[in-house]
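Asks: Chain residues, written in single-letter form:
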Amino acid sequence: MKKLNAIIFTLLMVFSIKAEVSKLNVVATLPDLGSIAKEIGGERIKLTVLANGNEDPHFVDPKPSFIRVLNQANVLIDNGAELEAGWLPPLVNNARNPKILGYSPNHIIGITGVKMLQVPIGKIDRSEGDVHPMGNPHYLLSPDNCLIVASNITESFSKIDRQGAQFYQKNLEKFTQRLNEKIIEWKKMLQPYKSTRVVTYHKSFDYFIDYFGFELFGTIEPKPGIEPSPSHINELIQKAKNSDVKLIIIEPNRPKKTPNQLGKTIGAKMVILPLMPGGGGSPDDFFGWYDYIVKTISESLKQ
Amino acid sequence: MKTKIILLLILSSLVSLKSEQATNDVELLKQQLLKLQQEFEQIQRQQLQQIQLLKERIDNLEKVQSVQIEKPKPPPDIDWKKEVTTPKTQPNEKWTPTSPIRLVGSGNNYLDLSLDALMTAGSSTADDVEELQMGGHDPKQRGFTLQQLELVLSGAVDPYFTGQANLVYNLDSSGESDIELEEVYADTMSLPYNLQVRAGQFYSDFGRLNATHPHQWNFVDSPLVNSRLLGEDGLRNPGARISWLMPVPFYSELFLSIQNSGGTAGSFLGEGHHHGDGDETHLPFGRPRTKTTLHTFGDLLFVPRYVVSFDLTKEQTVALGLSSAFGPNSSGSDARTEIYGADIFWKWKPQSHHGGFPFVSFQSEFMLRRYTADQFDWDLDSDGILDPDEMDFNDDKIPDYFPKEKITDYGFYSELNWGFRKGWIASLRGEYLTGDKNYYEQITGRDEHRLTRKRLSSALTWYLSEFSKLRLQYNYDYRELMGPDHSVWLQFEFMLGQHAAHKF
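Protein sequences, first through last, are from chains A and B.
Throughout the first sequence, residue numbering follows the working numbering, covering 1 to 303 in sequence.
Throughout the second sequence, residue numbering follows the working numbering, covering 1 to 504 in sequence.
One chain only, chain A, in its complex shape (with noise of 0.2 Å):
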């Protein structure tokens, strides 16, 4: 009997770390983008995600373990906006993987699709600091273009896992649902604080407060990827003093002396939103991400 158990116990094993290597091999550069392929996904696919929550998402290191990820994959998920042009290119470039290289299922420009904000018509200067030509690339905080990006990744994860197609399909049906639902309540929650005006460090919460009906005001970096100087952060509060700026936006690795002083000054409070599922603690699922921004927002603005 204990023969036969264990006989039992090793054919369970083999059949599941067969299951394992069945699975299709996902890589997404970011966490949003891979907590989207997660909801689409579930099960059936292994996904690695190479940037961290809390990273700034322009300057992760291209470290070499990457290039072995990038070389098994099936599937490269990356955000298309120049987000990561600064690190992706020479990993993907090395991996020895033509497949995620290409226009192909097997590469999902995350970018495809999407409405952008903040396209830079005619020239593109970089005194205007760290401008990227395709638009703001932080467009996944505008939850119409989330509901896009699934579309492509169910599409793309279709094609090369046909058996498994119905079952993205089904995920991607509910996912909409729960989004559409979510995104009523996420507007019901933030309705009282419509127009209620911003300061961001970065313009990385641009797509979120334009779809949520907030106003920004200005920015703590005077340009895109530029530090804040004296004269611009004093600019700021002159501008700021008597407008009324309820909120100061920073991302979970910002410095938080000059957004903490700057809100001291003009009346506003501060406050930490992960840019990215799972940075600043919070959760590191779609949903739970999500949840923790607009819950944070309405918390913070209730008082």
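Be aware that one or more of the hints could be misleading.
To be verified - For the chain B half of the interface with chain A, some residues (derived, Cβ under 7 Å), not all of them: (1) 251; (2) 311; (3) 317; (4) 351; (5) 355; (6) 358; (7) 501.
In short, the hints are calculated from the structure, not lab data.
Don't be surprised by glycine CBs; every beta carbon is placed ideally from N, CA and C.
On the provided structure of chain A, position chain B as indicated by the hints.
Replies: For chain B alone, coordinates are given in the frame of chain A:
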């Protein structure tokens, strides 16, 4: 519809109840009526809720649309276009070798173009700054130096290759400008078995620093050991390289470069590389350069390298490498050089970082060169008498004779870098370089190209943005027979265009 059914039900129940005895059934009937009424109201409530929910959704969607139309107010500082929907251009086919490759982050151009200017101003207590600063792009004079102007062109060639060219312009200390084709190569993109081949003119993969360009360094000048053993401008030559990413769970890669051994490869067949009035008549180890061209396959330069890397924790990464270079040297038909190197790189960067800061990194390279110099008799006509074209270093009026000998040099540099706040890096570097005393030096006197050197450097770098930086560096030099020297350099760099991202 539902209400009708309910009413029918109520009626039918009333009718059926009528036929029965009435007295104590009134209570029962009332109860039933109440129950049905409750059910009816519940359904009504549910439906009202659903209607409400749908209305809200319509409202919300309309609001979103109206918001989109209402809001095209561009901020005053830049022309932003409000919204753009990126076209969906994913074809349905699976990847084949002929379908186009889109390099991540390469923008909308076929070609990425960047220009990098590196300039320095400074001074030194040394009389011979040119000898003190050994690297090809080091500042070699007091006052201003344009270290280099580097033009980089890169992009995907076709589905099979990516290409890159680095053209370097520099002004030497005599004011002459020269152009160098530093690198131009293509990499394969779709070879099987985790292989990649590079072909063209390129820096050999020897150690960590050799294959990098001056603007990537943490100091103004190149390490002494690199300049002396690999060459003033590093080890580079036309050739081909194959590399294999090993199928193991961690990063582990094997490189083999096969290149020409002449040109700028001074430890091999080459003459070395001199900017400006370098000492072109220099005789390596007292011997003339008798062999300058390669004849057989074995006369090529072979550079194998192995690199392995681990993530020690989520915040710490280490990379270890072993390299060597084998090739013929110019001292005779049967003379060869071997260079061995070991390198380590460690970096700590917290998971929560602001623009890549703070961080601490440590890098060190050790190198050893074994130069087998062939025998040479300066008595060119074998008459035992000193003729005008023959050499007599020790002034004994007899042409000198050098037996075959092994000449060993070795050294290392170690650097510690601390990015203490966004854009600011403090660096410290220690270096040591020496060589064993050899027989030929008894005749020629101490070889000034092989004297022991020590150097301690500290630097403070400020990256105003990713595209410009200022660096202040102090060097303490100690040279055998020459004593200490102090130098201060201020470096400025600016970069235009889209520069390819660098490796770890």
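Asks: Give a verdict on every hint.
Replies: For each hint, the structure was consulted:
{"no.": "1", "hint": "251", "verdict": "holds, 4 Å"}
{"no.": "2", "hint": "311", "verdict": "holds, 5 Å"}
{"no.": "3", "hint": "317", "verdict": "holds, 5 Å"}
{"no.": "4", "hint": "351", "verdict": "holds, 5 Å"}
{"no.": "5", "hint": "355", "verdict": "holds, 5 Å"}
{"no.": "6", "hint": "358", "verdict": "violated, 11 Å"}
{"no.": "7", "hint": "501", "verdict": "holds, 5 Å"}
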